[in-house]
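Chemist: So the protein sequences, as listed, match chains R and A. Each residue of the first sequence is one higher than the one before, starting from 292 at the first, in our numbering. Each residue of the second sequence is one higher than the one before, starting from 32 at the first, in our numbering.
Simulated from the structure, these hints should not be mistaken for laboratory data. You may find that some hints are simply not true.
[Claimed, not checked] List time: in silico BS3-like cross-link candidates among lysine-lysine, alpha-carbon distance up to 27 Å:
1. Lys605(R) <-> Lys67(A)
2. Lys34(A) <-> Lys360(R)
3. Lys364(R) <-> Lys72(A)
4. Lys364(R) <-> Lys472(R)
5. Lys332(R) <-> Lys294(R)
6. Lys67(A) <-> Lys364(R)
7. Lys150(A) <-> Lys360(R)
8. Lys332(R) <-> Lys371(R)
9. Lys371(R) <-> Lys360(R)
10. Lys67(A) <-> Lys472(R)
11. Lys371(R) <-> Lys72(A)
12. Lys34(A) <-> Lys605(R)
13. Lys146(A) <-> Lys605(R)
14. Lys34(A) <-> Lys294(R)
15. Lys371(R) <-> Lys67(A)
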Amino acid sequence: MTKWLEQPLSWENALFFTAMAVVFLLIVLLYVVYAILFERKVLGWMQWRHGPNRLGPWGMFQTVADVLKLLFKEDTIPRKADRALFIIAPALCYAPSFAVLAVIPYTRELYFADLNVAVVYYAALSAISTIAIVLGGWASNNKYSLLGGMRSGAQMISYEVPLVLSIVGTVMMTGSMNLRKIVEAQGDWFWQWNFLPQIIGFGVFLVAAVSELNRSPFDLPEAESELVAGYHTEYSGFRFAFFMLAEYVYMFAIAGLASVLFLGGWRPPAPFLDFIPGIVWMILKMAFVIFFLFWLRATMPRVRIDQLMGFAWKVLLPLAILNVFVTAVGLELFIKG
Amino acid sequence: MEKYVNSYVIVVVFVALGILLPMVALAAGRILRPNKPTAEKQMTYESGNDPVGEGQVRYNIRYYLYALMFVIFDVETVFLYPWAVAYNQLGLFALVEMLIFTALLLVGLFYAWKKRVLKWDSI
């Protein structure tokens, strides 16, 4: 990819980039299909049952069948809904979730856009999905949807602040927002990766990321027991599918971001494991982060909304700011000497 | 320079694909799916009852207060990032300056806390 990026722009190169992006899109869609299956399997095992096992060996085609069912399902738009906004919302939710994947480097050679503002790009684009969720909740003209959309908006903006602040420490240690440089700056052994010197930042990042993804234990926007399905109550068929798709693509993005920022990206945990290609390590790390999210969902009960908002502002935000200054003092004392 | 231009071309391609996929999928779905609307189907869902009143009601002020606090602290993060990137060249003076800036904002957070903005049942 480096070779292509350093050539002057021509139509051939633009076509090559488009082809790469399309291939990547197909890989991401395949990942989403099997992430959903894997989630249901993991939840099944953790709750002492089998999970999906009827369609194909090991339930392999369960999600494929679900997608087909959604595609053939009648699409109902409520009469009272704001039609234009109702139609825009799922697309607006999904588009940034795929766009953020452009900046994540998968190995030293395999990456797409090499931006110097990658971290800010991620934060800026992922915030657009919040607007889409509030919009979907509002446009549905449904009480459950409005409650879910508003809760989701409040939750996502509250957790965005600690999420973005928790990355500042990592950026300071590297002196760059370029995700490739952040990986390159981490050491060869696994204890030299950013998650140990940035242990506070890593903790804040993980909690805030789970909340940004609207996943259990912070899945209040779609709390089934009180809000039916939250902001997508009125959505059916493929419009609903795009909200779900966005959620799972964001999981992919957060897993990639966590691996790159804190877990050494494509680096092996020890220098002598170098013979295994970087992409394997990257996939393993991302799979572990995604498994961790499923694990949390099976383990933790849902928190209350007041606990949730209080936690963001009273605990995570001061911790994230503390982390910035601990890092600054640490750099002053140990690196500059 | 080439790298810079090419990277943003890729970003544009990704954004375009992100917008195209829902359009293509929903257009394909329009051909495949049945469409037999009835008045009952198009009614707003309210757990089986006939919906009462409007769905788009005036909403609790609390969410607005959170939005205000978000704006303040998000601007802080925007200031923090350039500082963080350049920190190794800036030295102790920049650290003290940023400490003062953050302390001022934390006074604001403390004020909101004391004013019970962060307490869910205060209004």
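Chemist: All hints are to be evaluated individually against the structure, with a verdict given for each.
Modeler: Status of the hints after comparison with the structure:
{"no.": "1", "hint": "Lys605(R) <-> Lys67(A)", "verdict": "51 Å, violated"}
{"no.": "2", "hint": "Lys34(A) <-> Lys360(R)", "verdict": "43 Å, violated"}
{"no.": "3", "hint": "Lys364(R) <-> Lys72(A)", "verdict": "13 Å, holds"}
{"no.": "4", "hint": "Lys364(R) <-> Lys472(R)", "verdict": "46 Å, violated"}
{"no.": "5", "hint": "Lys332(R) <-> Lys294(R)", "verdict": "41 Å, violated"}
{"no.": "6", "hint": "Lys67(A) <-> Lys364(R)", "verdict": "11 Å, holds"}
{"no.": "7", "hint": "Lys150(A) <-> Lys360(R)", "verdict": "44 Å, violated"}
{"no.": "8", "hint": "Lys332(R) <-> Lys371(R)", "verdict": "39 Å, violated"}
{"no.": "9", "hint": "Lys371(R) <-> Lys360(R)", "verdict": "26 Å, holds"}
{"no.": "10", "hint": "Lys67(A) <-> Lys472(R)", "verdict": "55 Å, violated"}
{"no.": "11", "hint": "Lys371(R) <-> Lys72(A)", "verdict": "12 Å, holds"}
{"no.": "12", "hint": "Lys34(A) <-> Lys605(R)", "verdict": "42 Å, violated"}
{"no.": "13", "hint": "Lys146(A) <-> Lys605(R)", "verdict": "14 Å, holds"}
{"no.": "14", "hint": "Lys34(A) <-> Lys294(R)", "verdict": "10 Å, holds"}
{"no.": "15", "hint": "Lys371(R) <-> Lys67(A)", "verdict": "18 Å, holds"}
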